[in-house]
Amino acid sequence: MINRNKERKGKRVPYPENFILKTISMFGFFKTKKIEDLYAKHTGRHDIPEALSKQCEVKTAYDPEVLITQAVFVVFDTETTGLDFKAGDRLLSLGAVKMIGVRVHLGNAFYELIDPEGPIPRSSIFIHGITPTLATARPHICDVLLKFLPYIDTALLVAHHAKFDMQFLNRAMHGCFGFPIQNRVIDTALAAAWIRRMQQAEFAGLQTPSDTRFDAVAAHFGITAQDRHTALGDALSTALLFQRFINILMKNGVKTLRQLVRIAGVS
Amino acid sequence: MVEIPYNKIIDFFRGIVPFNELPQDILNGLPQKILIDYFPKGTLILEQGGSPCDYLYIIQTGAVEKTVRKDGVDILLEYRTEGEFFGSASLINETGPAFDVRTHEDTVCYLLPKETFNKLMQNHVGFHEYFAIRVSKLAYRLKKAQTGIFAPRGPSDTVVFRSDGYLFNVTAGDLVKRKSVTCSPYHEVALVAKLMAREGVGAVVVADVRSRPLGIVTKSDMTNRILAAGKTGSEPIRTVMSAPVVSVAPREPCFSALLKMARFNCHHMCVVQGELLHGVISQHDFIVLQGSNPLAVINEVEKQTSVAGLARVIDAVDRVVRGLLNAGVSAKDVTAFISECNDRLTRRVIALTEKSLQEEGVGPPPVPYCWLALGSEGRKEQTLRTDQDNAIIYADPEPLSDVTTHNYFLHLGERVVSGLESCGFPLCKGNIMASNPQWCQPETIWKRYFARWITKASPEDLRNCSIFFDFRPLAGAAIIAQRLRAFLNEEIATNRGFLRHLSTNALYNGPPLGFFRALVVEKAGDHKDKLNLKMSGLVPVVDAMRILSLSEQINATNTLHRIELVSRRQVFSKEMAADIREAFNFLTLLRINHHMAQKDKEIEPSDYIDPRTLSKLQKKTLIEAFHVIRVLQGELKVRFPESL
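Top to bottom, those sequences are chains L and F.
Using the working numbering, read the first sequence as starting at 1 and increasing by one per residue.
Using the working numbering, read the second sequence as starting at 1001 and increasing by one per residue.
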């Protein structure tokens, strides 16, 4: 927690460039140790699995000066049993597609159903079309994360209202491995809000000025939803939305990851 | 990992030619290979002369425009929109794009990588063929744009391209219309110039005694190399001819001939079979060919002001029909097109004749009349130009046997029939034409004819019925024909026995099927080992549908239309109707194709076909068709039991 706060400060205070670089690399070294420690503390083992080792490199691999058009993004979405992870709601499925710059690589997609470890409330069955009997044959969340982490590698994560999904994912991460996901996260809802401020007129069609619900935003940008309410379908729709945002952002001078994270980053 | 649900994307590809031909498992695997890219309005996606494409771009939403740059001006080639693609030529030829592709609006594209595309090209014939043809079409368009046939794009106007299918279906040999004018290399220039003037040609081929082309002389050569060079007419032609000649084989498609012309920058080229001259084609021929789209031909008919002019248009009709057949258009559409052309042509001949009669002082028609199309023309089922079958019915004059009225219409009939003959419609061998006094009669006489045939029903009467009862008003006062139709319906209703005679007569011709559905062919004579498509296949269906229609008081004459209407009256089931329709269509198409093939070999078209020349599938379909006809005839037999 402490590290995180400091890092946020670092972003806001205009330190000289070399100082920032120094600080980041210092923290990076520190953090690598920290993840391994956290994992050891949580599991009582010191042999961190291959699948998790990438997480140790994420912070060092991140270069804020990389152009958005050359960065790798993993656009993802989750389906959950409910809205409140504190009240015991769990992940049901996880879907993601990879983007390199503006291009969505459909072949490089990720889609897993997850065993929610408990009864699924009726209300969400209706939305997702997944029934408890279907859910029993699914892998455990830890197994899914062991596949997901190598998949996301050191890429930036992108989701709509990303905070929500990250809460669920990180709770699972803590439960399984004792540390949260290290990758930077971009929220397309924040990006939409920023674009709205930039181009008030273009957003005239939205129901209310603050409407950042996915359907409203997608409809505004003329995105046809792909198999809505499956995690992968929603991830793909989000990717198509993000694709457009990148173009709009670039037109407005947002070119590097640093700029993107400042506008739409979640911390 | 759970299987990835990309149903929408798979559906999208399934809806696109030629992806729709790919097997299901290949389609399902397609999304795994695909990238999605987004291009805001105005993005230059491909650049003319840039690096070769790595992807086939398929437009998911949005639109792009293809333009070529020539002398600094952009010429719009075409727009591509949702479900269409671009980049294929560059991908296949591994060359830089031959044009710019720029987004016309915000556009999302699916990108199919080169390796995947090549794999599809290798493994799927239909896919390969589609792109092979597409690329050659594109090459032609580009050439056309670059040789400046089309004006460059101004700020607001756009050049719209017509479909150019004919350029790929029509061969250079098809374009040769007349024997080429030739001369010897030793002829004087003045003589050749006279030859040009007399024959009305723009180019003369210089050939040796064995008619091998040595060179070509055009009108522009005459001006540039003789007059402008200050030479006299006594110069031998070989000193001014262009040699060697640019030549093309008769089998080569038109577009390759066109490309050759563009490459050598010439207006005329020789069609050469082996070493020998076959004919000459000019750029003008291509312009005419471009006009040979169905609509242009129909309009051309309307424009003609003389019968001689109409006779010239008829060649274009043939060309279009050939194009339609090659393009795999259904029998229904081909015959509909032929009928439409023939109808318009006939109407035009009638109108022109009426006009010239008036100009000659004979005057306008004394009473209203109606020109009747009979037989296959009445049914709109002609294949190219079949024999004339027509008649004139005119309103009853006062008195009925008024000679001047009769003479006027007879005169009109004679003129129209001979006009149609000069347009290539052969005269009717049975003389069932409006020029025959017997078939150029007032309404009352026609009604008498019909009534007599129905009550007497002699073999000759029945034969007449099969021709005359399919009458259709083609020009003039249709109301007279309608009255005749109403009269016919009444007569049939009061003489139900007549239909039995007609039915018995119709059952003489049956499908040539033996035991175990084997085809039966002629045992001896000129048509040994062949079978008659018309008499044993088409005629039984036409007859059966005529009888059923007369019985049900259906006024339609077209057989397909009759099938439709009869099945609506629940005379037989929908499935049965579909079977009959299919059988009839198949036989019609087979017959037209057969005629076309015979015409190519310069054999008199006949309806006899040797089943051994058919493909396995065609033969199987033919047997099925005959079987359906047999069932139909069985139905007829039950409905109209043989008269005693």
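A hint or two may mislead.
A partial selection of chain L residues facing chain F, derived with a Cβ cut-off under 7 Å [unchecked claim]: (1) Arg-103; (2) Leu-106; (3) Arg-244; (4) Asn-247; (5) Met-250; (6) Asn-252; (7) Thr-256.
Just so you know, these hints were derived from the structure itself, not from any lab.
C-beta: ideal position from N, C-alpha, C; glycine also.
Kindly indicate which numbered hints from before are broken by the structure, ordering the numbers from low to high. Numbers 5, 6 and 7 - these are the hints that the structure violates, sorted from lowest upward.
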